[in-house]
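With the hints as a guide, dock the two chains, each given alone in a separate frame, to form the complex.
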Amino acid sequence: ETGVTQTPRHLVMGMTNKKSLKCEQHLGHNAMYWYKQSAKKPLELMFVYSLEERVENNSVPSRFSPECPNSSHLFLHLHTLQPEDSALYLCASSQDLRESRGYTFGSGTRLTVV
Amino acid sequence: KQEVTQIPAALSVPEGENLVLNCSFTDSAIYNLQWFRQDPGKGLTSLLLIQSSQREQTSGRLNASLDKSSGRSTLYIAASQPGDSATYLCAVRGDSGGSNYKLTFGKGTLLTVNP
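So the protein sequences, as listed, match chains A and B. Counting from 1, position 51 in the first sequence corresponds to residue 51 in the numbering used here; the numbering is continuous, with no gaps. Counting from 1, position 39 in the second sequence corresponds to residue 39 in the numbering used here; the numbering is continuous, with no gaps.
Just chain B, with the same shape it has in the complex (with noise of 0.2 Å):
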């Protein structure tokens, strides 16, 4: 069973500075991951895709990395600004069993960026 984690559970920064967010997931079977952004009480945007034999997608200010073998991936955010804060929640889509179109998600990081 896919398991996705997600570190650190809650991160604070003055703005400005150049961050990362950890996600692995123990099953390397996948098919794709992508990185959302939930805004208290809302839905989810989503930020980028990476699929499974790609390394790295990069969005403006964003960057997620994508180790498939290590069952890593990480959301690099420069020169954070306040409205950079939200909770970052990564997917996986599995690529093996009859399921392989479920979403696994980690529990995010709520990220706090300060003036």
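The following block holds chain A by itself, in its conformation from the complex (with noise of 0.2 Å):
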């Protein structure tokens, strides 16, 4: 484990249902992030919270909706998605915006629409 902890690892949805991811870390980290990574695409960073403030929407559709209720966790809510949103879900964190000590990821959620 990484310190940065995801729920559920899996998770399959129909493209009615609503559904949220979970990420949780205790390393003091004052800055988190939501990625998407997509079959041969690199990561794409889709939003960045900084003391529990968003500081980034990367032009995501609204169909994301996060959520950082304090600086240890961080969801991400899911509704009417659309079968190409399956992907795998990485969250990350780091001290805070501008520091030098690198991110830590967890484990991702494996996401499937239907």
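Careful, some of the hints might be misleading.
Not everything, but these chain A residues come out facing chain B in the computed CB check (under 7 Å) [what the hints assert, rightly or not]:
#, residue
1, Ala39
2, Pro42
3, Leu45
4, Met46
5, Ala87
6, Leu90
7, Leu97
8, Phe105
9, Ser107
10, Gly108
Lysine-lysine pairs mimicking DSS-like chemistry, simulated, CA-CA at most 27 Å apart [said to hold, decoys possible]:
#, chain 1, residue 1, chain 2, residue 2
11, A, Lys41, B, Lys102
12, A, Lys36, B, Lys42
13, A, Lys18, B, Lys42
14, A, Lys22, B, Lys68
Just so you know, the hints here were simulated from the structure itself, not pulled from any lab data. Every residue gets a Cβ at the ideal spot worked out from N, C-alpha and C, and that includes glycine.
So this is what it looks like as structure tokens:
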């Protein structure tokens, strides 16, 4: 374990479902990130939170809705997804936005939309 | 816009070989560069982090170098083992503009080490 925990590890959902992905870190980090990893494509940054405030929304469709209730937890709420949203969703954290010690990633949630 | 390219896309070697993975980036204004390992269907494990002021970092059988001015980094793996089989990702963090906390990733090199 890296210190960043994601649940669930796997999720299959229909296009009309509503589900949430959870990320938790107890590293004392103040910045948290959602990344999407699709087949054959580089990781894409989706959202960035710093001290529970969203500082980046990287042109992500509104069917993805992030929530950061405190500096240790980050959620990604999903609704009316499309099959092309199937991907590995990775959460990461860092000490803060401007720090030098690098990023810590979770193991990801493998999402399949049917 | 920063772009990161990793060559080769895939590499297959016999056990025991020394090997080099390459990473190049188009904007040399970087804050740091990080190498990750990703096992199939899993998350990313950080291997080495090189700050922009550094030339190389070492951890065990791994050595990463950085030539910021030419926009290149290499990951050297000595005496490869089957357990090294994974996808290796290079990511750079920008040092210019308002969004300088972003990581830009390459597509990765899929390494297979054959027993």
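Status of each hint after checking the structure:
no.: 1; hint: Ala39; result: 10 Å, violated
no.: 2; hint: Pro42; result: 4 Å, holds
no.: 3; hint: Leu45; result: 6 Å, holds
no.: 4; hint: Met46; result: 11 Å, violated
no.: 5; hint: Ala87; result: 12 Å, violated
no.: 6; hint: Leu90; result: 6 Å, holds
no.: 7; hint: Leu97; result: 4 Å, holds
no.: 8; hint: Phe105; result: 4 Å, holds
no.: 9; hint: Ser107; result: 4 Å, holds
no.: 10; hint: Gly108; result: 5 Å, holds
no.: 11; hint: A:Lys41 to B:Lys102; result: 17 Å, holds
no.: 12; hint: A:Lys36 to B:Lys42; result: 13 Å, holds
no.: 13; hint: A:Lys18 to B:Lys42; result: 24 Å, holds
no.: 14; hint: A:Lys22 to B:Lys68; result: 37 Å, violated
Checked against the numbered hints given earlier, this structure breaks hints 1, 4, 5 and 14; the rest are met.
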